[in-house]
Amino acid sequence: MRQIWNTPGGVHPPDNKEQSLTKNIGHLPLPEKLILPLTQHAGTAAKTCVVVGEKVLKGQKLASASAGVSAAVHAPSSGWITAIEERSVAHPSGMSAACIEITCDGEDRWIERVNYPNYQQASAMQLRDLIADAGIAGLGGAGFPSAIKLDSGTKKPIDTLIINATECEPYITADDILIRERADQIIQGIDIVSHLLGKPKTILIGIENNKPEAIAALNQHCQGTGIEVVYFPTKYPSGGEKQLIYILTGKEVPSGQLPADLGMVCLNSGTAFAIKRAVIDGEPLISRITTLAGEACGVNRNYEILIGTPVSHLLQHNNFNQALCSRLIMGGPMMGFSLASSEVPLIKTSTCILAPSHTEIPDDEPPQPCIRCGLCSEACPASLLPQQLYWYSRAKDHERLQSHNLFDCIECGACSYVCPSNIPLVQYYRSSKGDITNALAAKATAAISRERFEFRQVRLEKADIARESKREARRLNTEQAKKMSPSTTQSTGSSAADIIKAAQLRGITKQASPEQQKAKLQRTLLAAQMRLEEAQQRLVQVTNKGSADQQAQQLASVEAARRKVEQTTQRLTEVSH
Amino acid sequence: MVFKQVSSPHGHARQKTGEIMQLVVLATLPGFLVLTYQFGWGLLINLLIATLSAISAEALVLKLRNRPIDFYLRDYSAVVTAVLLALALPPLAPWWLVVVATVFSIVIAKQLYGGLGSNPFNPAMVGYVVALISFPIEMTTWVTPISLLAADISHPGLLESLAIVFTDNSPVDGVTGATPLDLFKHNDGLLVEQIYQNNTLFSRASFAGVGWEWANVAFLIGGLALLKARVFTWHGPMAMLGTLALMSMLFWDGGSSNSPGSPIMHLFSGASMLGAFFIVTDPVSSTVSNRGRLIYGALIGLLVYVIRAWGSYPDAVAFAVLLGNFAAPFIDNYTVPRTYGHDKSRRATAKEKSE
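Order-wise, the sequence lines are chains A and B. Under our numbering, the first residue of the first sequence is numbered 1, with each subsequent residue one higher. Under our numbering, the first residue of the second sequence is numbered 1, with each subsequent residue one higher.
It is possible that some hints are incorrect.
Stated by the list, open to error - Examples of chain B residues lying across from chain A (beta carbon under 8 Å, computed): (1) Lys-4; (2) Ser-7; (3) Ala-13; (4) Leu-112; (5) Pro-120; (6) Ser-134; (7) Pro-136; (8) Gly-242; (9) Tyr-340; (10) Lys-344; (11) Thr-349; (12) Ala-350; (13) Lys-351.
As the list claims (entries may be wrong) - Calculated pairs, DSSO-like style, for lysine-lysine (alpha carbon to alpha carbon, straight line, at most 27 Å): (14) A:Lys-235 to B:Lys-351; (15) B:Lys-351 to A:Lys-396; (16) A:Lys-433 to B:Lys-4; (17) B:Lys-4 to A:Lys-33; (18) A:Lys-443 to B:Lys-351; (19) A:Lys-199 to A:Lys-235; (20) A:Lys-201 to A:Lys-251; (21) B:Lys-228 to A:Lys-433; (22) B:Lys-344 to A:Lys-55; (23) A:Lys-235 to A:Lys-17; (24) B:Lys-344 to A:Lys-396; (25) B:Lys-344 to A:Lys-520; (26) A:Lys-470 to A:Lys-396; (27) A:Lys-17 to B:Lys-344; (28) B:Lys-344 to A:Lys-156; (29) A:Lys-33 to A:Lys-17; (30) B:Lys-351 to A:Lys-17.
Think of the hints as simulated: they come from the structure by calculation, not from any bench. What you are looking at is a predicted structure, and each value in this text was computed from that prediction instead of being measured. Glycine included, each C-beta is placed from N, C-alpha and C at the ideal position.
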């Protein structure tokens, strides 16, 4: 067996995984509506490529990846686009973001699929494009677009592929059940990735030893493939990418760098499954396995949910009792965030919906003073000094925070978990990280502004000097000219008249022909009429529902549009005559 | 449906700060019992006076500071300070001595710095040192251990003890006497062997010095229990005891008349074990990293020996700890652990590289 390296720190919260493992992967009835945020991944939002009212088929692309780090979004079922607007999304801040809403037609009709069943013959580029086109982003929770991760071209050659099946968060069993039921497809996915990366020397599947069934399933399918299943003692947060890489290889990802810099790629097992679906079956990422857990739900189980399914739909079908529920969490209890509303949709990174009872996760007690007991630094997997970071965070001492490596904190929550004084440490770190990032951005802007100002000063000075020297030269010239011949003044006068004439001529030639003018005016008139119509319609709406202020505004815009139409009509008649 | 919004992580480990403090108090119990057996009722009276004054002083300042009294009292930190003082102050000391030491600890050394967690010095040790410097006679009058009392003398009973404490009566002659460390401090040219033969404190002892040896063993047991319960790490106590043992070995001098005493005598005399497991491990006033705690513990061990051997006080844990407290932030600056993904550890004051 391969050597295992032990990470420092870590905690052992109660597993709570058995509750959701009593049943196999379930399916929900099709929801009435699906809401698809344009940002379900790490990076910039996707660009919409459908319009409201359009009919879409299952698997049709709704939004394509923007430049840089981004991922496409597809229709999880067939139906009509009924809205493209801001909706509240699953985000710790409870913010709204652009979403596409599909009203399902219930037919669930597929679009024509593009696939590569013989992926061995496909080039790396083709496969990568297909994965990019399928909108696959890390399903473990971070949501980094996979195609970008697999694009090692510019960096070191990849010699190690690590599949993360650790699933160290309590309650979550999505990867576990997926492996138990579909290990063969995951292995196929790994094979595709391996082919794409040019057959890395080492392929490892990292998994905690609390999943014996999954380990057995993997071992069975890995025989003779060269893929090594490595299991190790259960400890949170072994599933963090950096932690897993250390556990399996003894190497640390240098601060501020990526695994690719070490010649490694780390993918979640669910992502490998999604890649298999995309490449062999031609299905883009439109569904995932999500664990539903917690005592406030009558049923605890894993579901293969359509992306965009509202959380409320999932809860409704599982005897959810809100009175019992202390909070609604997306993700696990350690790193998941609480949802303000159950109307938000499940997205590509939704590993779990946790609806704990008040006894399961009671309300937080008020924090007591930090006594620097050091339990947090014993628990920190990154060997930070959380208690010091806390003091510096409270003091807003950015310099000290950085010298204590705040930005190497992975926000796993182990420190807050063990804190006997109930201090929300992670919250302090997040806030400080934001403050420092903002301060650095402001500093950078200030530096640019200063540079521009200084440059402008120099430019103005130079211009002054140039003007001065020109003036001086002209003065000298005229003086010389005066001395040379007094008759030249007359010729300058006649040339001025010439210039005026030439300008008039230019004006005439620039004027378009009457036909062109007429066509242009007709176009303007048509546009103005349309605008008028639109404004009138909106006026009707506003009169019914809007405020007085809005009405006045709308009335003004109708008036403006009408005037434009009148003016254009008048001009048109003038030109026609 | 609308839900409550809370920051992650959701759920916490069970242990609370108040419980940790209670554990510490509980772990002093073996030592407390042995001391009470050896030195009589005085300890219990110390404990009562110290606890009452600590809690009242804490409550009063919290009220002045407009803090919720009940909430802060329940962290049990004032009780820990009181217990440590009660164990450190001489039994049958006048009541006002205990009150002065405790109130100074709580009000000046802790609350005026901002309360629990904000004090740079160990409150109990500050109180102890204030009392020691201000009232040297009262502070150095120790009761004779029970097994060394003459046949016709016994420790005062409860009522008699109360009378001694509250009316400033001196205890009967023969009830008080020297401690093992006193003997070595005031050694007039005797070989160590002679001291051991001449003085009942050593001649009747099992291995170190009557009275203190078993008290130190009891504190060692309590300390190991706390170590097992992961209330603190081994670094501080072991570094302190190791350095103390090393120093006393180096200067043991073969038992000449100049010898400051054997390693066993130093480890199991005075406040060695109490200091190592209950004072050095005070997290608030110590260093924060494990490497830092090694240096911090070693520094205190070194200072304890230096003051015991060549200073003017027979025991030195309180002074050594306070000097260690002074040095803690400085040690912290150089002992930040190496973070994941970094080649080496940084200084706490390192500047971000400008790129």
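Against the structure, the hints come out as follows:
no.: 1; hint: Lys-4; verdict: holds (5 Å)
no.: 2; hint: Ser-7; verdict: holds (4 Å)
no.: 3; hint: Ala-13; verdict: holds (5 Å)
no.: 4; hint: Leu-112; verdict: violated (15 Å)
no.: 5; hint: Pro-120; verdict: violated (11 Å)
no.: 6; hint: Ser-134; verdict: violated (29 Å)
no.: 7; hint: Pro-136; verdict: violated (32 Å)
no.: 8; hint: Gly-242; verdict: violated (20 Å)
no.: 9; hint: Tyr-340; verdict: holds (4 Å)
no.: 10; hint: Lys-344; verdict: violated (12 Å)
no.: 11; hint: Thr-349; verdict: holds (6 Å)
no.: 12; hint: Ala-350; verdict: holds (4 Å)
no.: 13; hint: Lys-351; verdict: holds (7 Å)
no.: 14; hint: A:Lys-235 to B:Lys-351; verdict: violated (34 Å)
no.: 15; hint: B:Lys-351 to A:Lys-396; verdict: holds (16 Å)
no.: 16; hint: A:Lys-433 to B:Lys-4; verdict: holds (24 Å)
no.: 17; hint: B:Lys-4 to A:Lys-33; verdict: holds (25 Å)
no.: 18; hint: A:Lys-443 to B:Lys-351; verdict: holds (16 Å)
no.: 19; hint: A:Lys-199 to A:Lys-235; verdict: violated (31 Å)
no.: 20; hint: A:Lys-201 to A:Lys-251; verdict: holds (16 Å)
no.: 21; hint: B:Lys-228 to A:Lys-433; verdict: violated (36 Å)
no.: 22; hint: B:Lys-344 to A:Lys-55; verdict: violated (59 Å)
no.: 23; hint: A:Lys-235 to A:Lys-17; verdict: holds (14 Å)
no.: 24; hint: B:Lys-344 to A:Lys-396; verdict: holds (25 Å)
no.: 25; hint: B:Lys-344 to A:Lys-520; verdict: violated (72 Å)
no.: 26; hint: A:Lys-470 to A:Lys-396; verdict: violated (56 Å)
no.: 27; hint: A:Lys-17 to B:Lys-344; verdict: violated (38 Å)
no.: 28; hint: B:Lys-344 to A:Lys-156; verdict: holds (24 Å)
no.: 29; hint: A:Lys-33 to A:Lys-17; verdict: violated (31 Å)
no.: 30; hint: B:Lys-351 to A:Lys-17; verdict: violated (44 Å)
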